[in-house]
Amino acid sequence: MTLSEVTGISGEAGDFRVSVKQNPRYIDMNRCIACGECAAKCPKKVDDEFNAGINKRRAAYIKYGQAVPLKYAIDAANCIYLARGKCRACEKFCPTDAIDFEDKEKNVDVNVGSVILAPGWSPFDPKGVDYLGCAESPDIVTSMEYERLLSASGPCMGHLKRPSDSREPKKIAWLQCVGSRNLNRCDNAYCSSVCCMYAIKQALVTAEHLEGDDLSQTVFYMDIRSHGKEFDRYFEKAQADGVNFVRARPHTIEPGKDGTGVTMRYTLDDGKVVVEDFDMAVLSVGLEASKDALSLADTFGIALDEFRFAQTSSFAPVASSREGVFVTGAFQAPKAIPRSVAEASAAAADAARLLTAAKGTLTRSKSYPREKDLAGQQPRVGVFVCSCGINIAGVVDVKEVVAYAEGLPHVVYAENNLFSCSADTQDLIAKRIEEHNLNRIVVAACTPRTHEPLFQDTLREAGLNAYLIEMANIRNQNAWVHQNAPEAATAKAKDQVRMAVAKAALDYPLARDAVPVTQKALVIGGGLAGMGAALNLADQGFEAVLLEKDARLGGNAWHLDTTPKGEPVRPMLEEMIQRTENHANIKVLKNAALKSATGSVGQFVSKIAVDGQTRAVTYGAAVLATGARESVPTEYGYGEDARILTHLEFDRKLREDAAQLGQAQSAVFIQCVGSREPNRPYCSRVCCTHTVKSAIHLKTLNPAMNVYVLYRDMRTYGLNEILYQKARDLGVIFIRYDVDQKPAVAIEGADLKVTVDDPIVQRPLKIDTDLLVLAAAIEPHASDELIALYKCGVNADGFLNEAHPKLRPVDMAVDGLFVAGLCNYPKPVDESIEQAKAAAARAATVLSQEAMQLDAIKSFVTDDCDGCALCLDVCPYRAIKLEEQATEGNGQVHKRIVTDKALCKGCGLCAATCPKGGVHVHGFTLDQLKAQVSAALVDVV
Amino acid sequence: MNTAIELEKAPTSRFKDKVMELLPEGGNLNACLTCGACAAGCPASGLENMDPRKLLRMAALGMDDELLSTDWCWMCSMCQRCIYVCPMQIDIPQLVFQIRKSHPRGERPKGIINSCDMALRNDTCSAMGATEEDWRFVVEDVADEVRESQAGFEDLQVPMDKSGATYFLNQNSREPVTEPDEMIPLWKILHLAGADWTYGSKGWAAENYCLFAADEENWEKIVRTKAKAVDDLGCKVWLNTE
Amino acid sequence: MYEFKVGRLARILGVHRNTVSNWIRSGRLDARPAPAKRYQIGEAALRRFCALNHIAEDRVLDHLTVLPEAAASLTPTVAARFSTTGREESMTQKTIGSVMVVGGGIAGIQATLDLADSGYFVYLVEKSAGIGGAMAQLDKTFPTNDCAM
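Residue numbers (the numbering used here), protein chains in the order written: chain F, 638 to 1578; chain S, 3 to 244; chain A, 17 to 165.
Everything labelled a hint here was simulated from the structure, so no lab data went into it.
Be aware that a few hints might be false.
[What the hints assert, rightly or not] Residues from chain A shown here face chain F by an in silico Cβ test under 8 Å; the list is partial:
(1) V76
(2) G113
(3) V117
(4) L131
(5) S144
(6) M151
(7) L154
All residues carry an ideal CB built from backbone N, CA and C; glycine is no exception.
Full structure from sequences and hints, please.
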């Protein structure tokens, strides 16, 4: 429901009534084909919010070229007709009569079981801050404006130009922490969590957009917070690639000498003042709460924190203060895309958990007509050449291609469409199939990755098998890359269509297999993440077997004292353990070890050794939550003195003998002990926050204690920054050290001394201390066994890998496997629980089906296979096995391969390798491929 | 200098802590992130190998000897550029002021102290020692010249001690003593605007060197003298040119 | 007797919440404070207000919470217990198999897909003309340099 807002809610969890106001679009979505004529003819210009206000759009507009839904809208506030009763130009020119000025606001009442709030964030607006210079210089832009300037779909079409004179900038500066970690000119004392990374990305991507060796990118920062998975490596790479990182904040950004560019003054550690000119400055603006946060909080009656982000607790990170209403994404707290995606799944898990009783009651499934029987029919191919607005037609002469297609063998019909993917074109295609008795379709348009499923659906609705379609990519592989050669592009488009037709003629109906799904889960690891996943799945009605190698559940959480938000961990942990052990749907196996894993998604089988016996379990999906551990420091005198502790040892002392800790007169914390070094080039993410929390605790026990923190970058990201501020306010002293000049620890008689150089006063400090706490790195458990069992992957640091860092952060590359907790990457309590819920939500999408439909593009074995087994090792998905089979009749045994349809992804490597023609891929048979090649070379050979 | 700074266990009261007790919210003096924005904009950065960031850092580390003996505290112009951009809004100017105060009066820069003492001598509050008679005379004399020689300003008035006037205008001593003609442009503006204003014969000097001298008692004394002069004339607005 | 929250009434009338607050303070809107930041106003007073300010009654009355008549004469705390605004104590334990997701950015979209794939009908409510949110504005994303779209 677009152009819609919630206006009210009543009821309770499980049964809410929500009123939604749908603002009028003034354009009939069933008729609009997104041709763009209304916008072209609309006289009213409006600042384009999508392009961060850099350029203008019209009152009749579409957000951007690939918007979903791909329909235009009229901005009522700016439309001349709607505001003043004049114009209506759009109506005159719309080819499908889609303009509807009679459209009205609609109010709809919807009955739902639960609600998820994901309204996002708003960028900090630096215009009111005079020393940032935005008002005086056009070459000072915000990061969002810069993204649009870099974007191929933005105002510069991807050719970066600086605003003042449209020249390519050569020297660009990024200023971090604009509108974050600042309580002087705004109220955003927190850290926005993402800006360090996005600035580094922008700096590196800029180099791709510009040419020349004289490029210079400089990032001015206070701390570089590259604390996520693989983030530190990216930071190191940026440094290696020549991006300058200067730890200094300029005072004022002034316009350059001739009104272009900027000039800034900054101070180095030693006090030297530098004045430097840049062609452009990018302000890394922070993430503020969504502009709708207050009104949503009011409407839904949920609590917000002082920064207007949703208030949540560490053990229920996506639950709002109102039962049945969940919060996720940047609204929950500022965060980057991977965590937003995982947290969204976590909210889905919690929302679903409440509604298990009603699962499946309101879902709709489509019904299709019976497939026509094509036996004995010759191929009758219909070709639909798409203009894609001007995307294709602007380069390729589509009319010529249509005319050409009509003359091809087997083609009985061809036409041109403005947008093949639009709803009305689908109806048109179905109609043509009827009219001309088409039984094969060729769509010459974009990449199959965008719309093939859509066209397959269209075929099914018209009574044809979904696999009787071929797509010729005349956009990505033609018009987009041959913009300067329209004649050659048109010729190439003809070639592409000819090839597609040749293949289509050999298409045959394919059936999708279904594998039955064992609607049970296996969870490996009984810490917070494992229990979290098991509990959510169990609450959703799925049986879960939870394996734990130790004698008790809980894992690392036993060693923690409180969360950063100050919540005691033990009580929550014990409650969670109790719920897990008593849950009807969870079977807990302790002192257990996984011995084998066979099968594939939907039907895994494993043997588990527990209490000296072996048990077999079947399950449809598994969650790996095997955790990690605190490493043992090999420096700073660890192990030589009882006063030197790791963080977990410190927490233990806090629990067992806080009074004794309070008697210390002095304490030193050293960060990054074993992290961010060549043998562990990653950040352990939790230590800076844990340190400031511990420092605050010490100061509370004994305000007179001298507390020092020795750090490389303080990574108290997100709302944890408030703890860092509190620690400083309490008098904790933070001293920065360089990895090349680490602090030195010496035991001199009864004294424990730490020496470190202070970069600001430029002198060594010698600290006499009673306590030394080391932030030991979190390291992964050895995962060789797991890898061998499941063929899953780990990254270079040994942590289990997800399928895609941004879009599939809890899925593993092996279908049916999901990952959560420390084993994936170091993280604090709330993120572990979040990820666990996310893994449960993702596993539930598999387990919710009784049978899983597989795609039909799979390998199949013919009688020509003679068991040479060359293909076995080639298959990346290990989907091929060699079997002995008895030949019918003569009792002889021969070898032949068998392919697993669930594991097979239809990549074709087996078919390409096989010298005997013994294995092929449906829909991409060698005959089809040969036909395509012949068609391609028809003028040459 | 590369000798190590010894940070001992026994809790010591640092100068910084004493200052924090005086300031609202402790002046945020603990909150420093060492970002350097203050030093980047400070006009005195680099003098005496010092800048606001370094100064505050020395205070944080308890380097009280060095902190209280650096001459840099007198090079700070109290312009407030540092706190203006500080993300934590740290009151460095106040720290500087308190450091100035910690110096015995006799050891503070002679020029500033002498000016403070001079201003205390009579009710004009002039740091250059200009007396009431000097002041009246130079104002009248210059005003006469304007009326005689400048076309269009024949009836320019420069009121002195006009009871009940809306604005009481003060004047830095430097103009009447060394560059009297520099007073004229502002008279003309007030005249053309039709403002109801006056000078005072008492408390007219705009400068207050006791402030810069960190002499709080006399700073207050001078301000009260000036305020009394304004109140005695019954003026509504004290127009301050400093 | 009707009960409302300032923000709610402001939205219904299309005015700033401070405006409603000022009306109450000035007496132009004859309402008295009730617990939990709510206000109560008699039906007659409300109709009077609508008439005086040329507001269609049904635009307002249909959207405010009606208190049971008996509650009007009870003390404010007791009356609040009978208030039906927001947190209804429903007698039936009905469970609806659908979810509303407010916000069509990357988080909203992911949550929607997961829920739909798990057997729940989802309403995805987006205030602008298309889904995608802020991520659609980004050029390329770390680490794969895929375009954010």
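Tested hints:
no.	hint	result
1	V76	violated (13 Å)
2	G113	holds (3 Å)
3	V117	holds (5 Å)
4	L131	holds (5 Å)
5	S144	holds (7 Å)
6	M151	holds (7 Å)
7	L154	holds (5 Å)
Hint violations for this structure: number 1 only, all remaining hints satisfied.
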